[in-house]
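Participant: Read off the chains here:
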Amino acid sequence: MSAPDLRRIVDIAPLVRSKAISATKLVENCLHEIAVQQPVNAFTTVLEASALEEAREADAQIASGGWRGPLHGVPVAIKDLIDVAGTRTTSGSAVPSVEARTDAPVVTRLREAGAIVIGKTNLHEFAYGTTSEETAFGPVRNPLDLSRSAGGSSGGSAAALAAGMCFGAVGTDTGGSIRIPSAACGTVGLKPTYDELPLTGIVPLSGSFDHVGPMARSVADAILLFQAMQGAEPGGLEPGVGRLTFGIPYRYFCDRVDDDVASALARARTALTEAGHVVVDLEIAHAEWTPDVYLHVMLPEASWYHASLLERHASSYSPGVRLRLEMGRYVKAEDYVRAGHLRAVLRESVNAALADVDALLLPTLPMAAPVLGAQTVPVAGKQEPVRGAMLRLTQLFNVTGHPSIALPAGKGGDGMPRGLQLVGREAATISLLRAALVVERQISGGAGSVGGGTG
Amino acid sequence: MPNSIDSWLAAACADAERRGLPELKPLLEALARSTAALRAADESHRASVRPSSPKEPE
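Heads up: the sequence lines are chains A and B, in that order. Note that the numbering used here gives residue 21 to position 21 of the first sequence, counting from 1, and the numbers run on in steps of one. Note that the numbering used here gives residue 31 to position 31 of the second sequence, counting from 1, and the numbers run on in steps of one.
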């Protein structure tokens, strides 16, 4: 992009409204970045013709006084697990897919707010992975270091944002699939409260853990997208006022993180405290149950959806995804129920942790984005399986359904982003977003920071 | 399916082998470890919330 300080929707919207910049120019710039940064492999489908046509229509509407709001004329990208009318919903798979006849409701709502769908983004096949490298379209590469993963499963959406290929994106999150790539690429990603946004027209992974949400280059942009995806007026929000209280759950969530992640958390704590907020230590009881509870719910739910496809198209799946789907067929019913009971206990644990604080503050990933192809990743001096390490800090909030937002928190000594997440109270996504505006202001803009105002 | 984790794992591995998926074995072994942890957590939690057992009449 020729204007790197104009990468936020909130900054370009007034220019679009005043016709200082056209929607057509925005779309052309994004298409240019998609073309010149092709090795990132962020997209499965680029909707060049329709995006340009929609941009010309937007320009004509704005010229005649019909500006619809801050998303009017803004190019957005949609994870290719979500129906966009007239395109195949490939889910990043070679398993045969069909062309969607209608948009998913979240896409319809973004279009109604004036957003322009510029393309569909690459992902870990069927959202069943954290690195976006098992996909029929080839791996998504991290735009900050092409040898590394962009995270996953919404890796294409985060990579497209980080590379300036769109201004907003939509992802899905079943164990961290919005927040993990956001941390890997230095962008913002919101997993709202469970069931807050409609999942209609979205290929499921695990129905009781699946969430859809916005991805962006700032919290303010994520708010606009979220409001539009709710079907509300995208009017933005004011930051939280007064003294906020944040709780850091050190046990389990900070036991094994790399030094740069620990430093990012410490810097955030200091900055928030110096700004007059309160940061306390707390504990989430039974957090260590999380991976086992998650596994025994997610595995059979994923296998349920894919059962008949596996019978007919087993060889079309990526080997690793196929094996995980097969594994789910062996989970015993009583263990699925057992996990459900423990899940309720975990939900109460998170509620208890949030009782006296406005939000939890913790790392999103325990380390930087791993190198593509790696089976293990070093975390705090020990090798850990990539999948387990990447899910470890995010999946609890899919189990419990609490809203969570990933924020960039600077870069490590390796030049790669590190991220923090905020977790809000049940069904209080708006309060969480107000707090996120406050935290973003405190943790962005410092030495080595990424994201925030400049993405 | 058998209920003890060891016998469940043996049956699951045999089934995977029969279906031509021997590469599932390490994943099933990992699942078995996770299931053991899940059941232990459940047992521990239930013990912590279970009311005291009524005393046997003397």
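If you're looking for bench data, these hints aren't it; they were derived computationally from the structure. Each hint should be verified, as a subset may be incorrect.
[What the hints assert, rightly or not] Quick list of in silico lysine to aspartate or glutamate cross-link-like pairs, DMTMM-like style, CA-CA up to 25 Å:
| no. | chain 1 | residue 1 | chain 2 | residue 2 |
| --- | --- | --- | --- | --- |
| 1 | A | 382 | A | 426 |
| 2 | A | 382 | B | 29 |
| 3 | A | 382 | B | 6 |
| 4 | A | 332 | A | 356 |
| 5 | A | 411 | A | 145 |
| 6 | A | 411 | A | 33 |
| 7 | B | 25 | A | 145 |
| 8 | A | 332 | B | 43 |
| 9 | A | 382 | A | 301 |
| 10 | A | 411 | A | 311 |
| 11 | B | 25 | B | 6 |
| 12 | A | 332 | B | 29 |
| 13 | A | 25 | A | 57 |
| 14 | B | 25 | A | 99 |
| 15 | A | 382 | A | 348 |
| 16 | A | 411 | B | 29 |
| 17 | B | 25 | A | 384 |
| 18 | B | 25 | A | 259 |
| 19 | A | 382 | A | 288 |
| 20 | A | 19 | A | 57 |
| 21 | A | 332 | B | 23 |
| 22 | A | 332 | B | 15 |
Participant: Verify the proposed pairing of residue 411(A) with residue 33(A), using a straight-line Cα cut of 25 Å.
Facilitator: Since the Cα atoms of residue 411(A) and residue 33(A) sit roughly 23 Å apart, the hinted pair holds (cutoff 25 Å).
Participant: Does residue 25(B) pair with residue 384(A) here, judged by a C-alpha cut-off of 25 Å?
Facilitator: holds (20 Å)
Participant: Does the alpha-carbon distance linking residue 332(A) and residue 23(B) stay inside the 25 Å limit?
Facilitator: Answer holds: residue 332(A) to residue 23(B) is near 20 Å, not above 25 Å.
Participant: Quickly compare the C-alpha distance for residue 411(A) and residue 145(A) to 25 Å and report which way the hint goes.
Facilitator: Roughly 13 Å separates the two Cα atoms, so the pair holds.
Participant: Would the hint linking residue 411(A) and residue 311(A) be met if the CA-CA limit is 25 Å?
Facilitator: violated (45 Å)
Participant: Quick one, are residue 382(A) and residue 6(B) close enough, alpha carbons at most 25 Å?
Facilitator: Roughly 29 Å separates the two Cα atoms, so the pair is violated.
Participant: For the pair supplied as a hint, residue 332(A) and residue 356(A), is the alpha-carbon distance within the 25 Å limit?
Facilitator: With Cα atoms ~38 Å apart, residue 332(A) and residue 356(A) exceed 25 Å; violated.
Participant: When you check the alpha-carbon spacing of residue 382(A) and residue 301(A), does it fall within 25 Å?
Facilitator: violated (32 Å)
Participant: Going straight from one Cα to the other, do residue 25(B) and residue 259(A) come out at no more than 25 Å?
Facilitator: Distance of about 35 Å is beyond 25 Å: violated.
Participant: Does residue 145(A) lie within 25 Å of residue 25(B) when you go C-alpha to C-alpha?
Facilitator: violated (35 Å)
Participant: Please work out if residue 25(B) and residue 99(A) have their alpha carbons no farther apart than 25 Å.
Facilitator: Not OK: residue 25(B) and residue 99(A) at ~37 Å, beyond 25 Å, violated.
Participant: Regarding the pair residue 332(A) and residue 15(B), is the alpha-carbon distance no greater than 25 Å?
Facilitator: Measuring from Cα to Cα gives roughly 14 Å; hence the hint holds.
Violated hints, in rising order: 1, 3, 4, 7, 9, 10, 14, 15, 16, 18; the structure is consistent with all others.
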